[in-house]
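Undergrad: Protein chains in written order, with this note's numbering: chain A, 693 to 888; chain B, 42 to 332.
Treat the hints as calculated values from the structure; they're not laboratory data.
Only true hints are included.
Sample of chain A residues with no beta-carbon within 12 angstroms of chain B, all distances over it, derived: (1) Gln696; (2) Phe701; (3) Ala710; (4) Arg753; (5) Glu754; (6) Ala758; (7) Glu759; (8) Ser762; (9) Pro780; (10) Lys781.
Output of the computed footprint for chain B on chain A, the stretches with three or more beta carbons under 8 angstroms from beta carbons of chain B: (11) 734-741; (12) 773-779; (13) 790-802; (14) 823-833; (15) 846-855; (16) 861-873.
From the three backbone atoms N, C-alpha and C, an ideal C-beta is built for every residue, glycine too.
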Amino acid sequence: MNLQRRVKFEAERDHEFAQWISHEVGGEKLRHCLQCGLCSGSCPLSLYMDYTPRRLMYLAREGFKAEVLSSLSIWLCTSCYACIVECPKNINITELMYALKERAIQEKFYPRRFPVPVMAQQFSRMVRSSGRVTESWLIMRVFLRTAIWRLLGMGGLGLKLLRAGRMRLKREKIGHRREIGQMLDTVEATRKELGA
Amino acid sequence: MKYAYYPGCSLKGTGRAYEESLLAVFRALGIEFEELADWNCCGATSYMSVDQLSSYALAARNLALAEREHKDIIAPCAACYLVLNKTQHYMHDYPEIKLVVTRALSAIGLTCDGHTRVRHPLDILLHEVGVPAIAAKVKAPLRGLKVAPYYGCQIVRPYATFDDQRNPTSMDQLLAACGAKVINYSSKTQCCGASQKGTLPEVGLDRIRRLLSEAQAEGAEVIATVCPLCQFNLECFQEEVGNAHHHISIPVLYFSQLLALALGASAKIAGLQRCLVPVKRLLTSKEIAYA
Chain A
693 MNLQRRVKFE AERDHEFAQW ISHEVGGEKL RHCLQCGLCS GSCPLSLYMD YTPRRLMYLA
753 REGFKAEVLS SLSIWLCTSC YACIVECPKN INITELMYAL KERAIQEKFY PRRFPVPVMA
813 QQFSRMVRSS GRVTESWLIM RVFLRTAIWR LLGMGGLGLK LLRAGRMRLK REKIGHRREI
873 GQMLDTVEAT RKELGA
Chain B
42 MKYAYYPGCS LKGTGRAYEE SLLAVFRALG IEFEELADWN CCGATSYMSV DQLSSYALAA
102 RNLALAEREH KDIIAPCAAC YLVLNKTQHY MHDYPEIKLV VTRALSAIGL TCDGHTRVRH
162 PLDILLHEVG VPAIAAKVKA PLRGLKVAPY YGCQIVRPYA TFDDQRNPTS MDQLLAACGA
222 KVINYSSKTQ CCGASQKGTL PEVGLDRIRR LLSEAQAEGA EVIATVCPLC QFNLECFQEE
282 VGNAHHHISI PVLYFSQLLA LALGASAKIA GLQRCLVPVK RLLTSKEIAY A
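Chain B on its own, in the form it takes in the complex (with noise of 0.2 angstroms):
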């Protein structure tokens, strides 16, 4: 089954690194994937704030492209997994939204009757590909590298039937099968603060500070992601929030670039280069292959 690949705006920007690394983790394990043509944004959080009807109507959109194109999506960010499902779930459980969802699409000639299903990386790599399937292909394991699986709040809730929503595990296992140590993160479905950093910083940084101090007191050496914007929160302020007595230095991989090593990938293509929080020596301390 061919899927269609729906990146979002992020990862064409700050989040490069992690379509980069989960599309090299597909071409190793051989699932066959188009990028959705004409993709438009999601709508995310915002959108949904300022107007919810047209917010289904634009993320409604995309499920219909795919559905044009007999696929099933595949959604790598938190958001875009969550808000393109939840278009999906109240255009059955809402019939005005249905209505006002199904107008605006004929308007463009499109139509969605929600067969369409939007799933995540994690979802397929476990459930289609398999545990097995993934360890027999690795070739440079992790070594023992001591990972924080960081899921954070979109992935599994409300919609993943994936995964567990209060103790999800789908990341652990994927990392321990490519010979990563998995840490029992405490924070690990906690909200990073998503835009706050920005808009609100006091609270941003806070809890950024939180998540943070909590995987390196757990003795974390990495952090793994599942969502640019938790992604970049957690990498891209770790000096603002760290103090003369209280350093933090700590790399915030997304799981892919992991898993895309393990899988024999070079640097390069797992976008190591472009994080801000160097990892190089980490790796090659730990004997981790690393070119």
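The shape of chain A in the complex, shown without the other chains (with noise of 0.2 angstroms):
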């Protein structure tokens, strides 16, 4: 049996992470949520989710960063800004998300395979060495790094597609493509300069 204690101590809190998410675009009125919970009520999404919008603001706001980082909630937002729209106070939900995904990354908080960042970051790194993205390159790598199988499956799917004109198999590249190199390490540069 797998007896867990479901209360944290005060002493647990991460307060670098507390501090880190109300500075990050979208938190600046985090402290003022309401626990309202219009948010995770608007979330077409909340359904499946371990920790609803309102809870997952809360731990975050709390220094629950573990807790946070590896909830599978950050993951199932596609960004529909429904909470956004309904929040009494203008909470940025949809951008904490983003923050949250990008931490959660850059720290390998995700279970191994998981789907969803494999995605975000192929998908990066087309948009870096092409400068657009092709449909048809994307699903494949995903499911390279995924779920294999899952590509046979695509098949039938694949082939409708390509009968109706609607897959290209040529990548997709911009005629500047070295201008995205160097916005992107100017960008590096940048940042490293602020500090952030």
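From the two separate chains plus the hints, produce the assembled complex.
TA: So this is what it looks like as structure tokens:
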């Protein structure tokens, strides 16, 4: 039997994490959260979440880093922005979800081969190298790294899309590909300079 | 005014019919446009999950390219529309983001002062052309075709100023002007599950099933969409979400395909041959011109 203490001690809170989230874009008003639950009520994915958005926001602002970053909720958020429209305190919940995703990826707080962060990383890699995304390649790369057997099941749909002229196999690229790298290097340098 | 048309990656792939039909509508209504030269991917939701600051810089390159040509942008894809608008807003609201983006752009000889407007085709059609002007040009009315207008998430939330965030009606008005009977679709702004059909299929399929069943239960004959990902999700997995007791088969078209047909475009120009759920029999049974 796996018995676990369900209550946290004050000393287990990560104050650096709580500070960090309140300084992220969208976190300015996190302290104003009333715990009203309109975010969870309006969220179409909260039904599947381990922590609903209301609970997740509370845990984040109180500094429960491991619980928040290893929660599947942040990967279930599809950025539909329903919560933002309803929040009476104008907390930018969707944006905070992005901050949490970014940090969870940096600190590898997600199960191995978990498809959502894998897809995000493959997507950004493709944009960095080509400037554009080719859907067919992206899908292939994600499945190769997560669930290779599912590629087989996709064959029928792939064929239909190909026949309908909706699937390009040739990689899409922009003309000035070097510009992408130059911009991203500058972002990196500026980030270091700002100490962010 | 000539617009910079920003297709985004999907409209060159799975969403080709969106591009083909939309450009046909623009031509029929005399909206002048030119594809933004050397545009890059907006970053969508994925890039933002990996690195937010870089994603603003990438999106801003497109804003800067349009600015150099003194044009406003038309962005038909929901994700592109949202990301470009969001970047515009955040550069204004957060000095740090503005600084990072400005430096990244100057490294490639571009500037972005934030004057480029990013607009959605629904906005242009409704507020620049207007419903009466469109109604006057209808050649092949949709004859009471029952359409469920499905807006999804990112067109109306949170940056669109052209429609109501909870109960958008811009597409309803355009389709009604073309002679369609617009259903009061209760899930019209509910999320389609985005890329979760690929990443977390149980969740994705569940979302898709709900949206399709509701449209069918409410009497829709066709679902009209404004987003390439919504269209893909709702159209391509109907066999998977249905079962022996509950068969789901409903055509899912871009709103622009219906508009193009009504304005006299052929089925091919409206991109109907790219549908996976056939639509011809339905349209001919309603005596809607299909040539």
